[in-house]
Amino acid sequence: MKKIVIFAILYCIVGLINAQHYKTNDTIRLGEVSVNKNKINYAIGHNKISIDSTLININQSNNLTTVLSNTASVNILQTGVSLATLSVRGVSSNHVAVNFDGINLNSLTLGHSNISDIPMFFFNDVDLTMGSAGAIYGSDAIGGTLNLKSTPNLNSKSEIELRQDFGSFSRYFTGLKAKTGFGNYIFSIAAYNKDHKNDFEVYDNVYDHIKKRYPKVKEENAAIQNKGALLQIFKKGTNSLIFFKGWFEDNFHEIQGTENEVMSNKRHRIIAGYKYNKKSFSIDISPYYVKDYQTYNKNDIIATERFCINSTIKLKTNFGSNIELGGNYKFINPNVHAYKDKKSETESSLFILYKQKITNNIDLSTNFRQQFYSEYKIPLTPSLGINYRVINRDNFNLTLNANYSKGFKIPTLNSRYWGNVGNPDIKPEKSNNYDFGIKSQIKKGNLTSTLSLNAYYLNVNNLIIWITSPTLKPENRDKVKNKGIESSIEFKYNLSDFALIYKGAYNYLKVQQINNNIEYDFIEYSPSQSFTNSLKVQYKKKLYVYLTHNYKGKYYDDIAKSHKLGNISLYDINFGYNLKLIKKYNAKFNFSINNITNNLYEIKKGYGMPGRNYNLGITLKI
Amino acid sequence: MKNLKFFLFIAIIAISGVFTSCSDDEDSKPFIDVKDGAIVLQYGSYQKQNGEISFYSYASQQVNNSVYKTNTEVDYGASIESGIIHNNKLILMGNEADKVDIIDLDPKFNITSNPISGSDIIKPKHCVAKGNKLYVSCWGSVADWNVMANSYLAIIDLTTKEIKKVAKAGGLFGLAIQDNKLYAASYMKGEVYIMDLASETFTGSITIGSHPRFIKVINDSKIIVSHNNSQDYSVTPAKDRFSSEKLGLSIINTTDNTVEKFIKISTIGADGNFDLSSDKSKAYIVAGGDWYDTGEKDKDGKAIWKQKPANVSSVDLTSGELTEKISGGKYQAIDFNSEKNQFYISESPDAKTPGSVTIYDTNFKEIKKLSVGIAPKQVLFY
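These protein sequences, in sequence, are chains A and B. Counting from 1, one number per residue, gives the positions in the first sequence under our numbering. Counting from 1, one number per residue, gives the positions in the second sequence under our numbering.
There's no promise every hint is true.
Derived EDC-like pairs (lysine to aspartate or glutamate); straight-line CA-CA distance at most 20 Å [to be verified]:
id : chain 1 : residue 1 : chain 2 : residue 2
1  : A       : Lys427    : B       : Glu200
2  : A       : Lys298    : A       : Glu220
3  : B       : Lys69     : A       : Asp204
4  : B       : Lys165    : A       : Glu259
Which bits of chain A does chain B cover? Going by a derived footprint, with three or more residues having C-beta under 8 Å, they are [said to hold, decoys possible]:
id : segment
5  : 195-208
6  : 290-302
7  : 550-559
Hints were generated in silico from the structure; no laboratory data involved. Predicted, not measured: the structure shown is a model, and the values here were computed from it. Note that CB positions come from ideal geometry on N, CA and C, so glycine has one too.
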């Protein structure tokens with residue numbers, strides 16, 4: 001009976017989410033996806049950062065911005081509360097690929113993803129591969145690649161989870177997760193609705209010369225209304241798996257900083273797949289469909305639809321090698337109000353990923369990708385990585401890693417076709433990336449200490465910037481040569497029923513930017529230093545307190561150093577309590593105080609962020 | 001007794017020292033006066049609200065940047081769209097922050113009142129003044145950028161700061177006053193609206209087509225209007241998107257409100273920025289450079305056209321003859337200094353790099369190049 005009820009709920013929710021009326025077009029638009037499923041095995045030598053699972057769990061009613069803001073190696077640029085992009089290693093948000101199950105979520109028009117529209121409610125794992133990885137992930141993976149994962153347990157046990165949040169500035173979140181199975185079929189759905197008025201206090205931009213201060217005013221145009229659903233269906237076979245995933249989003253927000261401008265986004269990502277696994281080889285075939293439909297002020301349409309088919313053959317040999325051969329084909333056709341020279345484009349690629357166990361302590365990988373694009377000649381992108389486990393004991397291990405890889409970025413559709421400023425002659429951006437790292441773990445009694453230190457060098461050529469000459473238009477003007485250090489430390493201490501976990505991360509960035517033949521030692525919006533700290537005290541699995549601190553160093557918002565920003569410290573505290581109710585019912589309570597010191601800060605000049613705020617979340621699980 | 005006198009003496013000295021050291025020494029704060037020179041208004045970076053002012057002194061021949069912040073100790077907090085000097089006051093249109101700043105220049109740069117802002121000032125673009133009234137073209141809230149239905153003219157009483165809004169759709173932009181009439185360019189409607197200043201109502205319009213941008217007064221019966229990029233995206237190929245047939249300058253006879261002459265200038269830049277010679281016989285425009293057939297073909301066999309570098313050209317308003325004066329720069333605007341008989345030409349390499357203003361004589365021989373802030377848009381002379 002429970003299974004039937006769950007299935008009916010799944011059906012209704014999908015129907016409701018999808019019953020959105022929007023303008024359709026009379027031309028078939030086809031799609032684009034990058035193949036990256038489980039490619040991480042081949043990214044040997046790259047610095048891979050796994051996002052703290054505690055952060056993911058306590059931010060289930062938040063978006064990806066909140067989670068990544070507490071990651072030192074990631075620089076989040078927030079234009080108010082509804083628009084956020086991420087960058088790493090001093091390059092822009094256009095140079096970080098954001099992937100979900102093989103789909104590159106980055107907008108084809110703008111080149112980046114608004115991570116404020118990515119709900120954490122759907123994901124149980126997030127990791128970040130730093131550095132250029134064009135061979136593995138294709139275009140955009142210049143600074144790094146973020147992978148979002150949502151994989152339910154493939155057992156037929158039925159589960160339901162309901163979540164309700166109440167927060168400051170009229171914040172409400174309602175979420176439902178359900179899973180069930182019939183025979184070899186597993187059905188899972190997650191759906192949410194978020195409503196946030198965001199009428200917090202900010203400093204007005206207009207200085208009061210009489211009172212000699214900036215007055216405080218209430219934000220009047222920063223509301224957010226988001227809803228979405230992620231449906232997953234799996235059919236298990238003896239050696240095979242067939243799956244279908246549909247992720248639907250309906251996002252609306254008022255554009256903060258304007259009088260009454262609004263933006264809405266409707267996004268559909270549909271993936272199907274067939275996997276066949278044998279002992280020494282496996283085959284994956286996946287078609288994808290992605291539709292991004294954006295309207296600005298209910299009038300101007302920016303839409304793209306993409307279709308792609310990926311196929312991969314994986315081979316495993318007896319002499320410790322793994323080989324993956326694959327290819328994909330994509331068809332892209334945009335529908336944007338400002339593109340009058342509309343063109344469809346095709347993209348395809350062939351790749352070889354190769355990983356070899358040299359000895360028990362040494363792994364080597366070498367990867368190649370050749371991408372073919374109708375409008376450009378794309379270079380071959382190789383990568384070479386090595387992992388060397390110098391010491392590998394139970395209570396102490398030490399690993400060295402190194403990697404060299406190339407990356408590239410196909411110019412966005414906007415930079416090529418926008419109105420009368422698009423530049424069809426603009427070249428792709430290219431990168432070279434070097435990583436050297438050391439990782440160590442020591443266990444002594446109840447204390448486990450983990451240290452990671454990674455140094456990198458990244459150069460990017462043909463960087464695209466928008467110039468005025470006399471009209472705004474994009475050109476290949478810049479290059480950057482960035483180097484830095486990404487480090488982290490973790491201490492875990494178990495004492496009887498208590499566990500104490502401290503995590504710290506420090507990021508240092510040294511920039512050499514060449515703009516218009518002039519050299520600069522900084523890049524806008526990128527601080528040279530940032531660090532995060534977190535301390536969690538857990539009592540059994542019932543109760544915890546989690547304190548986080550993140551600091552972003554100073555930065556400037558343009559080359560002329562017009563505004564010095566940054567130097568921001570934010571403290572959050574979260575309390576969690578798990579309560580076992582009757583029979584199989586469990587309840588979880590989360591209470592958080594964010595921005596404890598009530599810092600009225602701005603990431604970007606003119607876009608105030610909320611001061612101290614509170615949130616209470618209640619989760620009921622069956 | 002002696003000791004008491006001694007201690008009293010020390011106490012007096014100490015107390016005097018305290019009061020002296022605590023006094024607010026205005027003379028030690030940096031200050032840039034803006035008299036006898038050129039005031040350069042900078043838009044700043046797009047959406048960064050970092051507009052600023054630079055000042056070039058005729059006497060010292062030196063330029064000082066960040067005038068606003070130096071003199072007020074706070075950021076301007078908006079992008080400077082344009083400005084005028086009226087009755088010894090510098091009046092600035094603060095885009096993105098939606099404000100109008102009024103800054104005293106006499107006896108010195110000083111702000112004695114808060115900017116005019118609020119719901120009656122939305123997207124201010126340009127202004128003109130007559131007597132005690134300031135007329136500001138405002139775009140209002142924009143739902144459809146192709147229509148700009150909520151644009152209006154804000155009439156501000158400079159004494160009381162009261163605002164009267166006169167609605168006029170179409171995206172009002174450049175303004176000019178001739179006698180008792182105000183002329184307002186309607187960017188999206190292709191018209192110039194006429195307002196009677198006595199009744200403060202729009203009484204008529206002149207249809208001139210394309211996208212009218214800036215207006216200047218030639219004499220008591222003529223005004224001249226620039227038409228810039230038409231943004232007519234339906235036109236292909238891209239080189240013709242500027243609708244070259246419709247770009248240029250229109251001379252309007254204001255006695256009968258007719259277009260007396262249209263001078264086609266297919267290369268006029270996106271801003272349509274221009275200025276007039278002192279005798280009003282010539283206009284000087286910032287132009288985008290001619291398109292030319294390179295002789296090469298693309299992979300589809302179509303001819304490849306490219307645009308020549310931007311230039312500054314003179315236009316004889318009688319014959320319509322266009323003469324290129326200088327080229328190759330990233331020109332944004334041109335302003336004529338009638339006192340010094342010099343041209344000040346603003347250049348901006350991109351949206352985040354500091355720009356420059358170059359001073360030329362009337363033969364366009366370079367006199368001096370000034371490094372200023374980001375995106376200089378206009379030069380005023382005071």
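For the pair supplied as a hint, lysine 427 of chain A and glutamate 200 of chain B, is the alpha-carbon distance within the 20 Å limit? violated, 54 Å
With a cut-off of 8 Å between beta carbons, are at least three residues of the segment 195-208 of chain A near chain B? holds (count 4)
Sort out whether glutamate 220 of chain A lies within 20 Å of lysine 298 of chain A, counting only the CA atoms. Holds, because 19 Å separates the two Cα atoms, which is no more than 20 Å.
With the threshold set at 20 Å, check whether the alpha-carbon distance from lysine 165 of chain B to glutamate 259 of chain A stays at or below it. holds, 17 Å
For the segment 550-559 of chain A, do at least 3 residues have a Cβ located nearer than 8 Å to some Cβ of chain B? holds (count 3)
Do three or more residues of the segment 290-302 of chain A come closer than 8 Å to chain B, measuring C-beta to C-beta? Contact hint for the segment 290-302 of chain A vs chain B: holds, 4 residues under 8 Å.
Given the hinted pair lysine 69 of chain B and aspartate 204 of chain A, is their alpha-carbon gap at most 20 Å? Measuring from Cα to Cα gives roughly 17 Å; hence the hint holds.
The structure shown violates just one earlier hint, number 1.
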